[in-house]
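Peer 1: Sequences are here, hints too, so could you generate the full structure?
Protein chains in written order, with my numbering: chain H, 1 to 407; chain S, 1 to 323.
Be careful, since some hints might not be right.
Unchecked claim - Pairs of lysine-lysine residues, derived as BS3-like cross-links and limited to a Cα-Cα distance of at most 27 Å, are as follows:
{"id": "1", "chain 1": "S", "residue 1": "K2", "chain 2": "H", "residue 2": "K149"}
{"id": "2", "chain 1": "S", "residue 1": "K143", "chain 2": "H", "residue 2": "K366"}
{"id": "3", "chain 1": "S", "residue 1": "K143", "chain 2": "H", "residue 2": "K352"}
{"id": "4", "chain 1": "S", "residue 1": "K143", "chain 2": "H", "residue 2": "K198"}
{"id": "5", "chain 1": "H", "residue 1": "K167", "chain 2": "H", "residue 2": "K389"}
To be verified - From chain H, some residues computed to sit far from chain S (all C-beta separations above 10 Å):
{"id": "6", "residue": "K178"}
{"id": "7", "residue": "Q210"}
{"id": "8", "residue": "D223"}
{"id": "9", "residue": "N226"}
{"id": "10", "residue": "D368"}
{"id": "11", "residue": "T370"}
{"id": "12", "residue": "N375"}
It is worth saying that the hints were derived from the structure and are not from the lab. Just so you know, even glycine gets a beta-carbon here, dropped at the ideal spot from N, CA and C.
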Amino acid sequence: MKTLTNSFSRRTVLKAGGAAATILAAPGLVRAQAPIVKIGLVQPITGAFAGDGDLARIGAEYAVKEINDAGGIKALGGAKIQLLIGDSRSNAEAGAQATEQLKTDGAVIVVGGFASGIAMTASQAAARYELPFIIDGAVSDGLMTRGLKSVFRFGPSFGASADVALKNLVAINDAAGKAAKTVAIVHEDGLLGSGLAKLMQQRLPPLGFQIVETISHPTPARDMSNVVLRLRSLNPDLIIPSMYFNEFVLLARTMQQQRVKPKGIYALFGGAASSYKFVSEFPDAAEGVMDVNHWGDPKNPTNAKLMEAVKATGKFYAYNTPINYSLIQIAAQAIEMAKSTESGALVEALAKNEFDSGVMPYGRTKFDATGQNVNALPLNTQVQGGDIKVVYPEQFAQSKPKFPANG
Amino acid sequence: MKKAELLCALAFLIVLGLLALVGLPGNILNLFIFMMIITLTAQGWNLLGGYGGLSSFGHAAFFGTGAYAMTVLQTSFGINAWVALVCGVALGALVGAFIGFLSFRAGLKGSYFALITLAFAEVLRILANSWDFTGGAAGMMIKLQNGFAYLQFSDRRYFFLILLVFVALALFLSRWLERSAFGAYLIALRENDQAAQALGVDIFRVKMQAITLSAGLTALAGCLYAQNFLFIDANVAYGSWISIEALFAAIVGGAGTLIGPLIGAVLLLGLGEVTKSFSGGIAGLDLVVFGIILVLCVAFAPNGIRGFFANLKRRRSAAAEAA
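Peer 2: Written out as structure tokens, the structure reads:
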């Protein structure tokens with residue numbers, strides 16, 4: 001009895017001592033080797049958004065390999081890039097902690113963020129050290145109004161994306177002889193959905209669309225029957241959904257079951273409508289759905305290679321891969337231009353120069369005074385023949401929009 | 001024994017403070033800051049759930065109210081951060097009193113009380129998610145302004161030291177509670193509320209006082225959370241995660257004990273970080289290891305870590321006596 005007690009206690013002490021020593025020693029473990037430039041990637045590797053984080057990681061790793069194979073950072077004597085991954089665990093405070101960890105581990109620049117709430121705290125943590133942070137596809141307008149000099153955003157803001165979405169909708173509808181006149185908005189009641197619903201309610205009527213109903217639902221939603229029954233009785237020409245993947249799948253499948261066939265489904269950051277997973281699992285429900293979202297330039301040959309790389313891992317391509325691939329490319333260009341890994345020099349290089357946008361359809365990336373990429377642009381995609389095609393704007397289009405989709 | 005515990009806890013806080021002053025890497029400092037915020041939340045929970053036996057699943061209601069009050073008062077009304085902090089604590093306490101009044105007047109206890117607190121937190125989350133003045137689903141940001149008056153510091157060690165002071169004050173509050181008549185009434189109603197009532201304890205009044213105090217302390221943690229991360233939304237402030245963290249830290253550390261919440265928060269969050277560094281890049285492995293260790297912890301220490309050590313000591317002295 002006595003022996004047992006003693007051994008347990010010793011083990012407990014060892015465990016606690018080992019744990020404490022690791023906490024204190026961990027920051028020092030990952031230094032030494034040179035010449036290496038460390039770039040941090042903050043993504044949700046675990047938690048609710050783990051799938052997105054994984055796709056982002058694939059893109060970033062692809063870019064790192066490409067740059068290193070081509071001789072590394074030439075301005076620093078061919079220094080190789082080492083990618084450090086910070087897991088934001090799909091929540092805001094872990095995002096800040098991941099950034100702190102990356103800084104401690106020696107990252108000279110950090111990219112990523114994914115969701116607006118995570119990007120908010122993660123970039124804030126980086127800004128404390130004036131460590132340059134480039135946000136990927138997190139869209140909240142508030143991210144770039146904080147006056148943080150070392151924070152930049154590669155992708156378009158929500159406001160800018162909504163402008164593009166509406167302009168393109170009008171163009172597509174006009175080309176179809178104003179086929180759609182009535183609109184129903186179906187949205188989740190969180191950040192994504194309620195923000196979009198409010199904006200659409202203000203902006204659609206002046207463009208000649210009549211909003212027949214705005215229907216909200218919680219996330220997660222288990223059943224969409226009532227929503228679809230309502231849609232059936234309203235019979236709108238166009239449905240504008242704004243929700244996450246699972247809910248959209250549920251909505252689209254329920255609409256298919258109840259044979260609700262509007263002239264079009266037009267989403268902004270709909271997720272599912274730009275998701276190969278959705279297209280592959282529910283091809284009939286997905287057919288014809290349009291989305292305005294971040295998307296890789298289909299005419300860029302590297303984009304096809306990224307698609308292959310994702311496919312090889314047994315996953316489905318989504319925008320996270322090209323956008324994070326491109327972010328690493330921009331970070332590498334900034335280091336080349338700054339000829340230094342010093343934070344101040346990197347922030348200055350990012351603020352003053354133009355960059356090649358990798359595989360994103362942004363032309364040349366140029367950050368304005370707030371840190372926003374002025375040339376960032378979402379693309380219109382549509383599910384056509386079981387594949388996702390870019391249908392608008394024309395310079396990136398792989399095929400023409402099919403609208404009305406059920407016409 | 002209790003005094004020694006208090007002194008140990010205070011010495012631990014002083015060591016943390018000194019470590020911070022000597023210089024800690026940013027990630028460790030950030031972890032310690034978060035640990036102390038969770039400690040405060042768990043200390044708040046412990047006043048009601050630990051000492052009073054009124055387990056709440058909805059301390060997010062108080063945490064979120066503090067966080068939102070702190071943010072809204074500063075950003076929308078331009079009120080000084082310290083004044084906002086006081087108002088946040090008062091509002092949190094008020095929400096606690098309101099929920100307590102409705103629940104205790106109806107005689108709710110046990111799982112019914114736990115569920116009603118959970119429901120209130122959910123209602124507040126949905127409201128905060130929809131109202132414009134709480135920023136709706138987009139959440140709210142506190143403007144970055146460094147200075148003592150703004151309770152924001154370019155050197156975050158100052159913020160950490162302030163947090164340590166608050167945790168120390170909460171320890172004194174718990175110590176006072178353990179020694180006061182009010183604390184004795186609270187523990188009495190935890191053990192057997194009908195017997196306590198028969199002995200003349202006004203159990204409604206004691207429960208009301210306990211929930212108000214508990215809510216105020218948890219709201220303080222919410223205020224400091226908002227001030228540290230400078231961003232909140234409905235899911236962060238009123239999400240069930242914080243209710244779980246609060247009761248988890250207190251229960252694993254030792255519910256109804258002075259230092260239980262501190263031990264629980266430090267061990268749980270410390271363990272999370274340690275397992276993360278051992279995961280070797282395999283996504284989620286750290287969470288699996290964390291879960292296994294937690295299961296073992298709960299299996300071998302059903303009365304919390306504090307209870308485990310107390311048991312060990314008792315068994316040793318019994319063995320020594322026998323020898």
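Peer 1: Which earlier hints turn out false for this structure, listed by number in ascending order?
Peer 2: Hint check: 1 fails alone, others pass.
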